[in-house]
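S.K.: Each chain, written out:
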Amino acid sequence: MSTTEVPRIITSRFDYEDSFTLARYEATGGYQALRKALGMAPSAVADEVKSASLLGRGGAGFPAGVKWGLAPAEVWPRYLVVNGDESEPGTYKDRLLMELDPHQLIEGVLLACYAIGCGQAFLYVRGEMPLAQERIATALNDAYAAGYIGRNILGSDFSVDVVLSWGAGAYIVGEETALIESLEGNRGMPRLKPPYFPAAKGLYMQPTIVNNVETLSNLPWIVSNGGEAFAAFGAETSRGTRMFAVSGHVKTPGVFEVEYGVTTFRDLIFSPQYGGGIRNDNAIKAFIPGGASAPWFFEEHLDLPLEKVTVDRAGSMLGSGAIVVMDETTDAVKACLRLVRFFSRESCGKCTPCREGTTWLEKILQRILDGYGRPSDLALLMDVCDNISPGIAWPPKQTTICPLGPSAVSPIASAIERFRPEFDARITQAEQTRISVPVAFPKAVTHA
Amino acid sequence: MARLSAENTEIALEIIGRYPRSKSALIPLLHLAQEQDGYVTDEAMAHIADLVGVSAAEVLGTASFYEMFKFEPVGRYMVNICTNISCQLMGGEELLEHAEHTLGIRPGQTTDDGLFTIEDVECIAACTEAPCLQVNYRYFHKITNGEFDQLIAELRSGSRTDIPAHGTLAKVRQRIPADRRAGVITPEDTAHPVWLASSQEAQS
Chain A
1 MSTTEVPRII
11 TSRFDYEDSF
21 TLARYEATGG
31 YQALRKALGM
41 APSAVADEVK
51 SASLLGRGGA
61 GFPAGVKWGL
71 APAEVWPRYL
81 VVNGDESEPG
91 TYKDRLLMEL
101 DPHQLIEGVL
111 LACYAIGCGQ
121 AFLYVRGEMP
131 LAQERIATAL
141 NDAYAAGYIG
151 RNILGSDFSV
161 DVVLSWGAGA
171 YIVGEETALI
181 ESLEGNRGMP
191 RLKPPYFPAA
201 KGLYMQPTIV
211 NNVETLSNLP
221 WIVSNGGEAF
231 AAFGAETSRG
241 TRMFAVSGHV
251 KTPGVFEVEY
261 GVTTFRDLIF
271 SPQYGGGIRN
281 DNAIKAFIPG
291 GASAPWFFEE
301 HLDLPLEKVT
311 VDRAGSMLGS
321 GAIVVMDETT
331 DAVKACLRLV
341 RFFSRESCGK
351 CTPCREGTTW
361 LEKILQRILD
371 GYGRPSDLAL
381 LMDVCDNISP
391 GIAWPPKQTT
401 ICPLGPSAVS
411 PIASAIERFR
421 PEFDARITQA
431 EQTRISVPVA
441 FPKAVTHA
Chain B
1 MARLSAENTE
11 IALEIIGRYP
21 RSKSALIPLL
31 HLAQEQDGYV
41 TDEAMAHIAD
51 LVGVSAAEVL
61 GTASFYEMFK
71 FEPVGRYMVN
81 ICTNISCQLM
91 GGEELLEHAE
101 HTLGIRPGQT
111 TDDGLFTIED
121 VECIAACTEA
131 PCLQVNYRYF
141 HKITNGEFDQ
151 LIAELRSGSR
161 TDIPAHGTLA
171 KVRQRIPADR
181 RAGVITPEDT
191 AHPVWLASSQ
201 EAQS
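Top line first, the protein sequences correspond to chains A and B. Residues in the first sequence are numbered consecutively from 1, following our numbering. Residues in the second sequence are numbered consecutively from 1, following our numbering.
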């Protein structure tokens, strides 16, 4: 079991009680990266981020520097949108970054705007997170007063307003085109592609860069210390550090910043400084490596490193850094139903395979759990899955505008493939119980 | 139960003024309406429509997509219990069942005294603190049945002054001082950003 010694890049202030204040931020090197950047050409700042090989931390893992480069040349204005709509089940990191170190995020926003040439930035925070909204509002107000945001920042010719905006309860708004729709005051439904990237046509159909909170929180460190210093940590295709939330049946659940691509699942789940092992020293049954949308992993995957390409090749994804551990006592059918129900509830309803498919998957799983399962139900489940995502492969094929529907297939395919006897037993037992229960017909009423 | 108050109208206009297109202010304004009345009234939506310059139907069209907006009165305290995977594994469903018994209501229902509404909700990003819940979106971590009952008792007795009535989210608002304001950039503002231009000049 190994744990690597790397500095905490984005959680370095988390232990201070006043970590969220401007005074603490300035006393610990805050806004020095902004000062440094203002003395550099914007393109040089962008080059630092490119050389850091920073992968987006929202779920898709798209390289941030490349994403910035997708904005078409000489089309103005450009906008920056910050995705703070953290809601993938099992994911718990952006909320902490917003609540505990809002200035670090704001400095990241300013660096991005300076490098990309964004005229205005919108910081979209999940509706259900008033403390994060409060801390960011306070941080913005303080940063404006101190001259870090707004007109002629720190006496330079760089000017940008950062506007705090917030949602109202919709998982799908985490999808970047749905987020843009929401920010335009519409129902949060993903946009039809093409255009594939909001970087080309996004907010108000202008070039828009949408970056995740954790992604942007890395920028002050990268600009201060250089992209190469950042890229010195981690593995070939996964640089720097990353936050992972370890939840479920572990002894000491928590959110940990670890070296990206080097630390293994076994380290995170079993090491005493992280998850501390399975509760009651039970056996591990399965774990979700990257949020509800990720296919499940099992004991044989424990020694894989938390590295994007390796995990992708093994048939799942690191997604949003959400590791959910299930011990041997876990009811696979129940867990599976809960995940599917999530997708069914959160489907925006725009595409038929997702709207109808997730609804039927939930209904069938519910009846299996309720004792009304039919012998043909498992085949039916797989058939519905196949209609949502043909071939039930990884990465999933898409029949829909966004990946929400195909994501609902992941838990079912994983659970049925691995724990089919559990599903079968539920259905067989149900049949036996049903036969033994007398059916109570209402008494016939005779009318005089 | 009405249109936005004079004070809130002023806040609304300030919020609208931060966006390149006024419709972008819809969600923040709907929250403002819900903060004022505890839920979003038809009158408030009509008023917001006037302020933003869209039809009332468009306001409802947007509002009805989002789960946080309520269109009829709910309890003073909205108790949201997470039952998604991390919480389910740690007893979230059992906690919900306990809450149903304690309060005598099902998810989506409100107690007769108008104090509590419960909802079973999707992941609220406190997965390592399961089972968790929110009261008016304020977090409570690793909640046992006993702690739940105590929390309810405290809310009933009015001793939890840290939790505002339903509708209030952040108690701090963003204020952009006029002398620091960079200004709204609309899609029509097609000028080259000045700091990019000056940097190019310096290089050439």
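No lab work stands behind these hints: they were computed from the structure. Please note that the accuracy of each hint is not assured.
[As the list claims (entries may be wrong)] Taking lysine to aspartate or glutamate pairs in the EDC-like style, the calculated list, with each CA pair at most 16 Å apart, reads:
| hint | chain 1 | residue 1 | chain 2 | residue 2 |
| --- | --- | --- | --- | --- |
| 1 | A | K50 | A | E228 |
| 2 | B | K171 | A | D47 |
| 3 | A | K201 | A | E99 |
| 4 | B | K70 | B | E93 |
| 5 | A | K334 | B | D37 |
| 6 | B | K171 | A | E99 |
| 7 | A | K251 | A | D377 |
| 8 | A | K334 | B | E94 |
| 9 | B | K70 | B | E35 |
| 10 | A | K397 | A | D386 |
| 11 | B | K70 | B | E14 |
| 12 | B | K142 | B | E93 |
| 13 | A | K308 | A | E417 |
| 14 | B | K23 | A | E184 |
| 15 | B | K23 | B | D50 |
| 16 | A | K251 | A | E236 |
| 17 | A | K363 | A | D377 |
| 18 | A | K201 | B | E93 |
S.K.: Among the hints numbered above, which are violated by the structure, and what are their numbers in rising order?
M.R.: 2, 3, 4, 5, 7, 11, 13, 16, 18
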